[in-house]
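Protein chains: 2
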Amino acid sequence: MIELLFSDPGFETAFAALLDMKREADENVDTQVAKILAEVRKQGDAALISYTARFDRMELKPETLRITEAEVDEAVAACDPALIKALNAAAKRIHAFHAKQLPKDYAFTDKVGVRLGLRWTPVQAAGLYVPGGTAAYPSSVLMNAIPAKAAGVERLVMVVPTPGGRLNPLVLAAAKVVGIEEIYRIGGAQAVAALAYGTETIRQVDKIVGPGNAYVAAAKRRVFGAVGIDMIAGPSEILVVADGTNDPAWIAADLLSQAEHDSAAQSILITDDRDFGQRVVQAVESHLKTLSRAAIAKESWDKYGAIIVVPTIDEAVPLIDRIAPEHLELAVDDPDALADKVRNAGAIFLGRYTPEAVGDYVGGPNHVLPTARSARFSSGLGVLDFMKRTTLLGCDADSLRAIGPVAVTLAEAEGLGAHGLSVSIRLNPGEP
Amino acid sequence: MIELLFSDPGFETAFAALLDMKREADENVDTQVAKILAEVRKQGDAALISYTARFDRMELKPETLRITEAEVDEAVAACDPALIKALNAAAKRIHAFHAKQLPKDYAFTDKVGVRLGLRWTPVQAAGLYVPGGTAAYPSSVLMNAIPAKAAGVERLVMVVPTPGGRLNPLVLAAAKVVGIEEIYRIGGAQAVAALAYGTETIRQVDKIVGPGNAYVAAAKRRVFGAVGIDMIAGPSEILVVADGTNDPAWIAADLLSQAEHDSAAQSILITDDRDFGQRVVQAVESHLKTLSRAAIAKESWDKYGAIIVVPTIDEAVPLIDRIAPEHLELAVDDPDALADKVRNAGAIFLGRYTPEAVGDYVGGPNHVLPTARSARFSSGLGVLDFMKRTTLLGCDADSLRAIGPVAVTLAEAEGLGAHGLSVSIRLNPGEP
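Here the protein sequences come in this chain order: A and B. According to the numbering used here, the stretch in the first sequence is residues 1 to 432, in order. According to the numbering used here, the stretch in the second sequence is residues 1 to 432, in order.
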């Protein structure tokens, strides 16, 4: 953990270094991933089955690639009903928030009679990657699937590796809650390949979303273009802006809630009260004594944690925009006024009673958010990520006469004769 | 040019082969591009100036990197006033179409008192790459810059190489028309690096858009993540659906208007009248005798052109959706009814008097559109590409009590203790 004082002469250099801090391991898996993709593309199910035997120690046949409805029901029946109830409550709130994102088409005829329009349609099929093992979060199933469903995606396919045959019942329960009916027990780059290119058993999708390890990320990068992908997420981050009247134990818990995700996660506190900052540091130490994931959280906090002390909270605004945090918590008296000044943040949590974790599960907004300063130019997952726009243009003879000559002039200036011809031939049908 | 008959037993195989046809040259420039990016990142202006001397034969100093307002004015004064007028007319229509894309924020308080919202903000700075030489299209300056301006992007930076010192006056005129004031005479991967990382003279941007050669495309792929990028466009395509009552010379001109872009472009006609298709082939031959870019157009048509004969126009719909064309022209009696059935297309041109070229320049919709079947999952350039969403969530003590327990339940089920703690510590402030 480092402390940066805005009033120090070296602040700008130290802050720039904080922004440039590299937290992602460079795992060079690309060559291996390229080979896996090519094999699945060429050999379909056979390659998929062979890689699954090798990586997940599972002997499958084309008929057993898919997880049956009976298996899902069995898994769900084994879950604590309180958990199913919690998943349903969360899904309901997430759906309500996302349903409001459905965009409006527009269509109009302008004054020269040209008909113009823009139309949104959902992608036809989306694939959702769900990691196996400890990184399998049922909440992520909700967050990735619900925007797709709200967008109107007809076919939603889930892939989840089941190493050694172990199914995660809560992940299947989450799939059931959101209505995913097509689920395959495959993972890794081979699963991404199957979704992107299709096999005899698995039909190709149009877009692939969801988190994964370095192999999955490399595979998504490589299939991009053949299909759409969501962002490639980096390690999680939180930026908490807190004045000195907060309870240090609350703020410390918030910082640790990101730190416990990953030893490469980053938690930053900006405060106008240096003493308060020190009390938060002590509270972090104290929480770490009891937390189940203390080792991971401590490593993240020690390596990447930061406290930035500013003279006044207003001074935080340009720093926030430069950090462009994935999660921004505003634990101050008037969080709305501060939020209004912020330009770059994935998600903002307003006030002292809105820990980021409530947004991870049940608030309503998505928890798939832009990391590594990409909130400067990108957004959390939403309904629009599962839709695309088509524009419409319609002229008749009269309106083409009104606007066509401009097209001819510009086409000729650009040296594109056939462009000009395709317009002029309609303007002067008698003179070819 | 190939002809495919829907009624042939081999149709599905031939159609699948058409979809899989690879039209992009694999230019392996990535290693060289990586080096250029690293050099500019490390050495800033010095590297930029050195690469510009090498690739563009231009000796520059930091003070002469920027094209001055006087130079722009001089270039504009040298342009044919009719062209400036045409650019202004086009810009006005393009702006009117894009201004309608400004999205709406939303904010509401739900019944348990949780405040929720979604807010759109423009990216703060966008860079527009404009190619030099023959591929420098003033219309592309309009199409890339106007959505950014409509989004509210404060700083719009243009880079354009000027090999041997030659400025393209029309490109500068287009920049002036749309209000771009910051223009640098640099190009290639080095210009992309300068925009992405910044140099002493050029401040970093948040998003880079615009077309370019293989070096530019590779550079954009590599800086993606540090900044946002638009799509990496492939060779252009048109799909014309035309019944037998069209004038074959009109449809032939439309097919050639894409073919003349690039020998790797693709023009496809779907018709329900095989004889009509043959008359279009003859009209193509006839036009090729007079067109200025006949050599390019002929190569594209010969290698990649296709005519697909269907029994009825309705049979075209699933084929259209599988092709997911960049440009779709519907030269039929009731184009709206047909357009309603189409799911995947970048832009649709309705009826017999709407050649695609009118949309390239002056219709209003954008001409930067998804190629290579990516209209299945992506969209033409628009205002939203220059904006990003931030979600907002606000609880008070009561509303946290209403939804917090669900978060605690799910956090514990996922084994994320600090997540649970950050909520429970606020629910039961007396019991740490």
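None of these hints come from the bench; they were simulated from the model. Check before you lean on any hint, since a few could be wrong.
[What the hints assert, rightly or not] The list that follows gives simulated cross-link-like pairs (lysine-lysine, BS3-like), each with its CA atoms no further than 27 Å apart:
1. 42/B x 22/A
2. 100/A x 85/B
3. 22/A x 35/B
4. 104/A x 303/B
5. 85/B x 104/A
6. 92/B x 111/A
7. 104/A x 22/B
8. 104/B x 111/A
9. 303/B x 42/A
10. 111/B x 85/A
11. 104/A x 298/B
12. 104/A x 61/B
13. 42/A x 22/B
14. 100/A x 104/B
15. 341/A x 149/B
16. 149/A x 341/B
17. 35/A x 303/A
18. 22/B x 35/A
19. 100/A x 341/B
20. 35/B x 111/A
21. 111/A x 42/B
22. 149/A x 104/A
23. 303/A x 42/B
24. 92/A x 22/B
25. 104/A x 42/B
26. 42/B x 149/A
27. 111/A x 149/B
Do the hints match the structure? See the list:
The hinted pair formed by residue 42/B and residue 22/A meets the criterion: a straight-line CA distance of about 16 Å does not exceed 27 Å. Annotation: proposed proximity of residue 100/A to residue 85/B is violated, straight-line Cα distance about 42 Å (limit 27 Å). Proposed proximity of residue 22/A and residue 35/B is supported: the alpha carbons are some 20 Å apart, at most 27 Å. The straight-line distance between the Cα atoms of residue 104/A and residue 303/B is roughly 40 Å, outside the 27 Å bound, and the hint therefore fails.
Taking the CA atoms of residue 85/B and residue 104/A, the gap is near 33 Å; set against the 27 Å cutoff, the hint is violated. Pair hint residue 92/B plus residue 111/A holds up; C-alpha atoms about 13 Å apart against a cutoff of 27 Å. For the hint pairing residue 104/A with residue 22/B, the CA-to-CA distance comes to about 36 Å; that exceeds 27 Å, so the pair is violated. For the hint pairing residue 104/B with residue 111/A, the CA-to-CA distance comes to about 26 Å; that is within 27 Å, so the pair holds.
Proximity of residue 303/B to residue 42/A is assessed by CA-CA distance (about 25 Å); at most 27 Å being required, the pair is judged to hold. Between the alpha carbons of residue 111/B and residue 85/A the distance comes to roughly 19 Å, so the proposed pair stays at or under 27 Å and holds. Between residue 104/A and residue 298/B the CA atoms are separated by roughly 41 Å; this puts the pair beyond 27 Å, and the hint is violated. Taking the CA atoms of residue 104/A and residue 61/B, the gap is near 49 Å; set against the 27 Å cutoff, the hint is violated.
Proposed proximity of residue 42/A and residue 22/B is supported: the alpha carbons are some 16 Å apart, at most 27 Å. For the given pair, residue 100/A sits about 10 Å from residue 104/B by alpha-carbon distance, which is consistent with the 27 Å threshold. Distance check on the hinted pair: residue 341/A and residue 149/B sit about 21 Å apart at the alpha-carbon level, within 27 Å; holds. For a cut-off of 27 Å, the pair hint linking residue 149/A to residue 341/B stands: about 21 Å separates their Cα positions.
For a cut-off of 27 Å, the pair hint linking residue 35/A to residue 303/A is broken: about 35 Å separates their Cα positions. Proximity of residue 22/B to residue 35/A is assessed by CA-CA distance (about 20 Å); at most 27 Å being required, the pair is judged to hold. Pair hint residue 100/A plus residue 341/B holds up; C-alpha atoms about 25 Å apart against a cutoff of 27 Å. Restraint check: the Cα-Cα separation between residue 35/B and residue 111/A comes to about 52 Å, which exceeds 27 Å; the hinted pair is violated.
As the CA atoms of residue 111/A and residue 42/B are separated by approximately 53 Å, the hinted pair breaks the 27 Å bound. As the CA atoms of residue 149/A and residue 104/A are separated by approximately 17 Å, the hinted pair is consistent with the 27 Å bound. For the proposed pair residue 303/A and residue 42/B, the alpha carbon gap of about 25 Å is at most 27 Å, so the pair holds. The straight-line distance between the Cα atoms of residue 92/A and residue 22/B is roughly 45 Å, outside the 27 Å bound, and the hint therefore fails.
Simply put, residue 104/A and residue 42/B have alpha-carbon atoms about 45 Å apart, too far for the 27 Å limit, and the pair is violated. As the CA atoms of residue 42/B and residue 149/A are separated by approximately 45 Å, the hinted pair breaks the 27 Å bound. For the hint linking residue 111/A to residue 149/B, the alpha-carbon distance of about 23 Å falls within 27 Å, and the restraint holds.
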